[in-house]
Structures are given as structure tokens and as C-alpha cells.
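Asks: As a plain string of letters, each chain reads:
Protein chains: 2
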Amino acid sequence: MIDFNKPYLTGKEVHYIYDAVHNELHISGNGKYTKLCQEFFEKQYGFRKCLLTTSCTTALEMAAILCDIKPGDEVIMPSYTFVSTANAFVLHGARIVFCDSKSYHPSIDEYKIEELITPKTKAIVPVHYAGTACDMDKIMTIANRHNILVVEDAAQAIDNYYTGEDSIKKTLGSIGHLAAFSFHETKNVISGEGGMLVINDPQFEKRAEIIWEKGTNRAAFFRGEIDKYGWVDKGSSFLPSEIIAAFLFAQLENIEKIQARRIETWNRYYNGLKIIENYGIGLPYIPDFSGNNAHMFYLVCPSLEARTKLIEHLKNNDIYTVFHYLSLHKSVFYNTQYKGKELPNSDLYSDCLLRLPLFFELSNAEIDFVIEKILNYIMNK
Amino acid sequence: MIDFNKPYLTGKEVHYIYDAVHNELHISGNGKYTKLCQEFFEKQYGFRKCLLTTSCTTALEMAAILCDIKPGDEVIMPSYTFVSTANAFVLHGARIVFCDSKSYHPSIDEYKIEELITPKTKAIVPVHYAGTACDMDKIMTIANRHNILVVEDAAQAIDNYYTGEDSIKKTLGSIGHLAAFSFHETKNVISGEGGMLVINDPQFEKRAEIIWEKGTNRAAFFRGEIDKYGWVDKGSSFLPSEIIAAFLFAQLENIEKIQARRIETWNRYYNGLKIIENYGIGLPYIPDFSGNNAHMFYLVCPSLEARTKLIEHLKNNDIYTVFHYLSLHKSVFYNTQYKGKELPNSDLYSDCLLRLPLFFELSNAEIDFVIEKILNYIMNK
Chain A
0 MIDFNKPYLT
10 GKEVHYIYDA
20 VHNELHISGN
30 GKYTKLCQEF
40 FEKQYGFRKC
50 LLTTSCTTAL
60 EMAAILCDIK
70 PGDEVIMPSY
80 TFVSTANAFV
90 LHGARIVFCD
100 SKSYHPSIDE
110 YKIEELITPK
120 TKAIVPVHYA
130 GTACDMDKIM
140 TIANRHNILV
150 VEDAAQAIDN
160 YYTGEDSIKK
170 TLGSIGHLAA
180 FSFHETKNVI
190 SGEGGMLVIN
200 DPQFEKRAEI
210 IWEKGTNRAA
220 FFRGEIDKYG
230 WVDKGSSFLP
240 SEIIAAFLFA
250 QLENIEKIQA
260 RRIETWNRYY
270 NGLKIIENYG
280 IGLPYIPDFS
290 GNNAHMFYLV
300 CPSLEARTKL
310 IEHLKNNDIY
320 TVFHYLSLHK
330 SVFYNTQYKG
340 KELPNSDLYS
350 DCLLRLPLFF
360 ELSNAEIDFV
370 IEKILNYIMN
380 K
Chain B
0 MIDFNKPYLT
10 GKEVHYIYDA
20 VHNELHISGN
30 GKYTKLCQEF
40 FEKQYGFRKC
50 LLTTSCTTAL
60 EMAAILCDIK
70 PGDEVIMPSY
80 TFVSTANAFV
90 LHGARIVFCD
100 SKSYHPSIDE
110 YKIEELITPK
120 TKAIVPVHYA
130 GTACDMDKIM
140 TIANRHNILV
150 VEDAAQAIDN
160 YYTGEDSIKK
170 TLGSIGHLAA
180 FSFHETKNVI
190 SGEGGMLVIN
200 DPQFEKRAEI
210 IWEKGTNRAA
220 FFRGEIDKYG
230 WVDKGSSFLP
240 SEIIAAFLFA
250 QLENIEKIQA
260 RRIETWNRYY
270 NGLKIIENYG
280 IGLPYIPDFS
290 GNNAHMFYLV
300 CPSLEARTKL
310 IEHLKNNDIY
320 TVFHYLSLHK
330 SVFYNTQYKG
340 KELPNSDLYS
350 DCLLRLPLFF
360 ELSNAEIDFV
370 IEKILNYIMN
380 K
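Quick note, the sequences are listed as chains A and B, same order.
Residue numbers for the first sequence follow numbering that gives the first Met the number 0, so the first one is 0 and each next one is one higher.
Residue numbers for the second sequence follow numbering that gives the first Met the number 0, so the first one is 0 and each next one is one higher.
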């Protein structure tokens with residue numbers, strides 16, 4: 000049986016948890032391992048400031064608070080995304096303005112953003128779907144022209160890059176004013192549940208830390224910058240336990256190994272399946288401006304029916320594949336509130352995109368078996 | 000050196016984490032250990048439905064969403080409480096109406112609640128300070144008379160009881176429409192960071208699960224009640240990782256032992272320090288309607304100056320004591336918004352309350368040493 004996902008363990012996760020629990024005796028948030036993880040990201044990827052959170056969802060909620068989202072404010076994002084991208088802003092009263100996907104990629108169509116901007120638009124939230132970069136030069140230009148904030152939903156985009164017009168390679172998550180990452184167990188690097196907010200715009204640096212610490216200036220107090228701490232702003236308990244941070248740190252120490260193997264797997268799928276493009280099945284497209292972090296390998300089937308049959312065929316061969324994301328503008332929760340245009344590309348990916356198994360320990364033999372079963376099915380129909 | 004708090008480990012925490020990670024291969028939320036913890040609470044304490052959360056703060060945020068808090072709604076709570084009690088409702092636009100503490104106990108003065116009710120009042124949030132019960136009969140009567148919801152902030156109140164006019168012992172957290180518990184490392188039973196929402200009013204049962212699962216009906220889908228799931232409501236990622244739930248379950252298996260020792264410790268403090276009441280120092284008061292879960296042992300000093308000197312004296316003897324909570328209505332964040340009366344009892348506890356070391360592994364010799372140093376100081380002044 001080939002599962003869709005299997006969490007990869009480096010072997011040191013429980014060892015570091017043991018250290019946090021038994022040696023450090025610190026298991027609430029913001030201790031040794033939280034700091035180690037945050038420093039890792041700041042040094043490795045040049046993020047200005049990182050704060051671990053309990054999930055990518057809550058990192059996006061912190062972003063919504065920092066963007067000062069108020070009832071009636073509008074936020075532009077793709078309709079083809081996880082519910083959390085929208086929920087984080089809906090919780091603060093935002094009206095979500097959904098944008099279509101590109102015809103050649105499930106992420107937001109940069110050419111359709113500007114027409115959605117109104118005087119109420121507060122933020123644009125591009126989602127780097129499958130870890131593939133959105134065209135950040137285009138998005139930042141639009142945002143700057145209209146004085147709008149950009150929050151990168153980089154849930155799937157760890158260890159990937161964008162190269163824009165200046166030919167400089169920039170880490171995804173370092174370009175928008177704010178960015179959010181996920182370490183959910185289905186991601187490249189994991190901590191079960193977990194996330195991180197990246198603060199690139201220095202105007203948000205102080206406030207982010209306060210919101211993170213339940214609206215108090217406790218962090219500044221412990222650095223000795225102030226002589227007592229108290230309630231100075233809204234906020235929540237966004238800090239994960241040290242237990243979670245310890246687990247994550249073991250993963251981060253192995254990120255190069257993890258990424259190298261995922262990229263091998265991705266390339267093996269790509270080369271093995273390339274021929275099915277001639278049979279009307281789409282493969283992932285990586286634009287020139289994007290690197291590839293091998294978060295996901297997907298197919299785009301010609302129709303919902305074709306996808307359903309392919310899933311069934313693979314399941315009969317003990318291969319578990321999944322689809323996801325139903326266009327949010329058509330969801331039970333939002334369809335009556337949605338007043339915009341049809342979003343045909345978003346609907347296309349909702350109906351037709353299929354994710355293949357991709358995890359660190361997937362063997363070459365297993366990859367080849369998946370490829371073989373897909374080729375047999377598509378080419379013998 | 001006698002620290003204020005030391006997290007107690009039963010020994011099986013990391014073992015269960017190992018099981019979740021290596022045997023179950025399930026480390027995101029809502030797996031084996033989450034279910035074991037929730038079932039434990041439902042069976043042991045008769046809570047209708049329990050949902051583990053990433054913190055007590057986020058459990059209170061779920062409560063705020065379930066109470067349908069909208070900008071301008073008013074929520075009544077004590078001023079002498081942790082910032083999270085207020086933040087959870089502030090995040091949803093509530094105006095906080097602060098109530099004074101009782102003269103004889105830091106928790107909300109039940110006789111001062113009703114005068115604060117207006118047509119905009121949506122909820123009352125009594126905090127069972129130090130784990131000691133608020134007078135829930137009084138509070139529920141007022142709430143029912145005005146058709147207002149009650150959310151018990153039971154952060155400190157695990158394994159404790161209220162006995163009202165009907166002489167029936169009721170678990171704290173089972174009386175209000177909703178209740179929130181904390182498993183932060185300073186609590187009786189811990190998971191580093193962690194919390195739980197209790198849903199007692201069946202009207203909230205279905206929606207609570209949806210909000211918990213990021214606004215989707217995923218839980219019903221996995222129970223086979225519906226054939227696909229999607230975005231049906233607002234929500235967030237309130238689920239803790241299985242890693243956290245596994246840790247908590249090891250603690251819950253030992254709750255009787257933990258509670259028995261804490262109560263011994265509390266009683267030893269009480270008997271040893273009783274005499275200082277004659278010297279103007281207050282000891283904890285447990286009303287007849289409340290049990291004692293020995294969450295906290297505190298003194299009430301005659302003044303801020305007296306407290307500061309006592310802290311200093313104990314510190315010179317390597318004993319670490321802490322105060323906390325500055326009246327929230329006087330905080331930097333809320334003092335300009337606060338339009339109510341002076342709250343002298345809240346200010347009294349802000350200035351004068353001192354918490355003594357209290358943790359599972361505190362030895363009798365250490366307790367006696369703390370008692371001795373306090374008695375010497377108070378009686379020889």
C-alpha cells in the first residue's frame with residue numbers, strides 16, 4: 000500500500016523533546032528550542048524576524064491583527080486555497096474578495112488582482128501553491144501603487160525562491176510585508192501542528208511580539224528593556240509549547256537532506272510522467288521566476304469524472320491520492336456573500352487537480368510503481 | 000533554592016509522545032491521544048463535550064465565537080484576571096465591562112454583576128480564581144434572568160466542585176454554558192501550552208466542532224455523517240498536536256496522586272501560617288460552596304510596600320514567590336476606555352496578593368522552611 004503521506008522522522012525529535020522536558024524543565028513557549036528554530040530561519044533565509052506559532056492559521060491571524068483588519072475591510076486572495084487563508088481575516092470581520100487562479104497554475108492570477116482593488120482593500124494574500132512562487136514583482140508593484148499590504152501565505156513554500164526582474168534570488172516569505180509558514184504533518188518540515196509568522200516590514204516588529212505574548216510587553220520585560228509588564232494591546236496565546244519547538248528543531252537540522260530527497264522524488268515523477276501531457280493530463284508548471292521546493296506533485300485531469308476514475312484506479316492498486324480545496328467562493332459559508340465574477344480556473348483545479356504520494360521515505364520502486372499504474376491507465380484507455 | 004514552580008512529570012509523557020510519533024505516526028491534531036484526553040474529562044467530570052485546544056486563551060476565543068460576540072457587545076468579567084480572559088473577547092470587538100473582586104476573595108463579586116448589565120451584555124465570564132468556585136447559583140440566576148451566556152474561566156479550576164442551594168456537588172466547568180481550562184506548565188495538570196473548551200449547552204455542540212476544525216465539517220465527514228466536507232463557518236486551527244495530547248494524557252492518568260499531594264501541601268501551608276492572620280496577613284478563603292483543588296496558596300499583605308518587603312526577604316532566603324495580575328481596567332491598553340467605577344478590591348489584590356511556591360515535588364521540609372521564614376519575618380517585625 001502506498002499512502003498519500005507519511006510523516007518523516009529524523010530520529011532526534013523525541014530526544015530533543017526529552018531534553019526540553021527533563022533537562023530544561025521548560026515546556027511552555029518561548030524557550031531554548033523556540034529561539035533555536037527562530038534563529039535558524041532568520042539566519043538561513045534572511046527573514047527579518049520570525050515568531051513560531053501554534054499553526055500557519057494562527058500566524059495568518061497574527062498577520063490580520065497587524066494589518067489592522069476591521070469589519071468591512073477587503074482582502075484579496077485566491078479562491079483556490081485552504082480555508083485558513085480566508086478564515087484568519089474573516090475572524091476579524093474582513094470581506095474576502097476572491098481572485099481566480101492562472102490558467103497554467105493554481106495560484107493567484109497576478110493580472111486579475113488590480114481590477115479587484117477598491118478603497119476598502121487592506122491586503123493581498125498570495126498563496127504560493129505547491130510551494131511554487133507567485134510573481135511577487137507584479138504583486139508588490141500593484142500593492143505599493145495602492146498602498147496595500149502583502150501577506151505571503153507560504154504554508155507550502157519553505158526553502159524556495161523567487162527571482163524577479165532584478166535577477167536577485169529572494170526567499171519566499173521574505174518579500175511581502177508579512178508571511179506565514181506551516182509545519183503541519185503534511186508539509187516538507189513538520190512539527191505535527193505548527194507554524195511561523197515572518198515579519199519583514201520593521202513597522203510591525205515590536206507589535207508582532209506583543210500580540211504573540213497575549214497583548215503584553217512581557218518579551219521586552221524579560222530582555223530588561225522595561226521594568227514591569229502589562230496589558231498594552233490586543234493579542235492571543237500564539238506561542239507553541241517548547242515540546243513542539245524541540246520536535247521542529249530536529250527537522251530543521253535535516254532540512255537539506257529532506258529537500259534533496261523530495262526534489263529527486265519530484266523529478267522522477269516528472270520525467271516518468273511527462274508523456275501523459277500528450278494524453279490531455281497536465282503536469283506541474285514551474286515558471287522561470289520560481290524555484291522548486293518539491294512540496295507537491297500533482298496532475299491536472301481533463302474533467303472531474305476523469306479524476307474520479309483515476310483516483311479509483313489507483314486506489315484499486317493500493318495507491319492513495321488526494322484532491323483538495325473546493326473553490327472557497329462556492330463554499331456553503333461564502334457562496335451567498337460572493338458577488339464577484341465566475342472564477343473558471345479556480346473551479347478547474349477544484350475539479351481536476353490530483354495530488355500524488357510524495358514523502359521523504361517514498362522509495363524509487365514505489366514512485367516507479369505509481370508512474371507505471373498511471374501510464375498504463377492513461378495510455379490504455 | 001525554592002523555585003515558585005517546577006513542572007511535575009509522571010514519567011510516561013515522553014513515552015506516550017514516542018508512541019504517538021513512532022507507532023501511531025499521527026502527530027497533527029484529533030488523533031488517539033486527543034480522544035483519550037477528551038473522553039477522560041467527559042467521563043471523569045461529566046462534561047457534556049470536550050475539545051482540546053492549543054491554550055486556555057484559544058478555548059476562550061472559541062467561546063467568544065460561539066457566543067457570537069460582535070463589535071459593541073459587552074462582556075462582564077473581573078478586572079483581577081489574566082489578560083487572556085479579556086483578550087479573547089476583545090479580539091472579536093467586545094467592550095469589556097470590568098467588575099470588582101469580593102473583599103474576602105479575589106474572584107468576581109457576584110453582588111456587583113447585575114448593576115453592570117445593559118441591553119448590550121452578551122456574556123458573563125466568572126474566573127474561578129485560585130481554583131476556588133465562584134457562587135455559580137447566583138451567577139446563573141442573574142444570567143438566566145437577563146438571557147445572558149455564562150463562560151466559566153476555569154483555567155485554574157481543574158478537579159474542583161461547587162455545591163449550591165440544591166446541595167448537589169457540581170464540577171467546576173460543568174455549570175456555565177461553556178467553560179475553558181488551562182494545562183499551561185504552571186497548572187495542576189500540564190502539557191506545556193494547552194487548554195480545553197467544555198461545551199455544556201447542547202445548542203453549541205455541533206458548531207463548536209466546526210469552529211475547532213477551521214470552520215469545516217471535517218469531523219462529521221470522518222464519522223461518515225456527510226459525504227464531503229467544506230467551508231461552512233468561520234473558525235480557526237484550535238486543535239493541539241497529538242504530541243501535546245500524549246503528554247497531557249500521561250498527566251491525567253496521575254491526576255489523583257497529583258491532587259492528593261497538592262492538597263497535603265496546601266493544608267500544611269494553611270496550618271503552619273494560620274497564626275499570621277493575627278498580624279494582618281490574609282490567608283486564602285474557601286467559601287462553604289467551594290471545594291479546594293489546591294491550585295494556589297497565596298497571602299494577602301497589608302500593602303504594596305509590605306508585599307515588596309516580604310518578597311525581598313524571602314528572596315534573600317532563596318525562596319521565590321510571585322505576584323501577578325495588575326487590574327486590567329487600569330492597564331495601558333484599557334485605562335482610557337474604562338468608564339466604570341473604582342474597583343478597590345481588584346486594586347487591593349493587585350497590590351497585596353503574593354503566591355507561595357506550590358508544586359507536586361515541593362517537600363515537607365521545603366514547605367516548613369518557607370513557613371518558618373515567613374513566620375520569623377512577620378512576627379519579629
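Just so you know, these hints were derived from the structure itself, not from any lab.
Since the structure is predicted, the reported quantities are computational estimates derived from the model, not experimental observations.
There could be a bad hint or two in this list.
The list makes no distinction among identical chains, and a pair is therefore deemed to hold if it is satisfied within one copy or across any two copies.
[Unchecked claim] Straight-line distance between alpha carbons at most 25 Å, and here's what the computed PhoX-like set of lysine-lysine pairs gives: (1) 308 <-> 227; (2) 338 <-> 233; (3) 314 <-> 227; (4) 111 <-> 169; (5) 340 <-> 380; (6) 101 <-> 340; (7) 227 <-> 34; (8) 31 <-> 111; (9) 5 <-> 227; (10) 233 <-> 119; (11) 380 <-> 111; (12) 273 <-> 119; (13) 338 <-> 69; (14) 329 <-> 205; (15) 31 <-> 5; (16) 227 <-> 329; (17) 233 <-> 329; (18) 338 <-> 111; (19) 11 <-> 233; (20) 31 <-> 227; (21) 11 <-> 329; (22) 340 <-> 233; (23) 233 <-> 69.
Asks: What are the numbers of the hints the structure violates, in ascending order?
Replies: Hints 5, 8, 11, 12, 19, 21 contradicted; others consistent.
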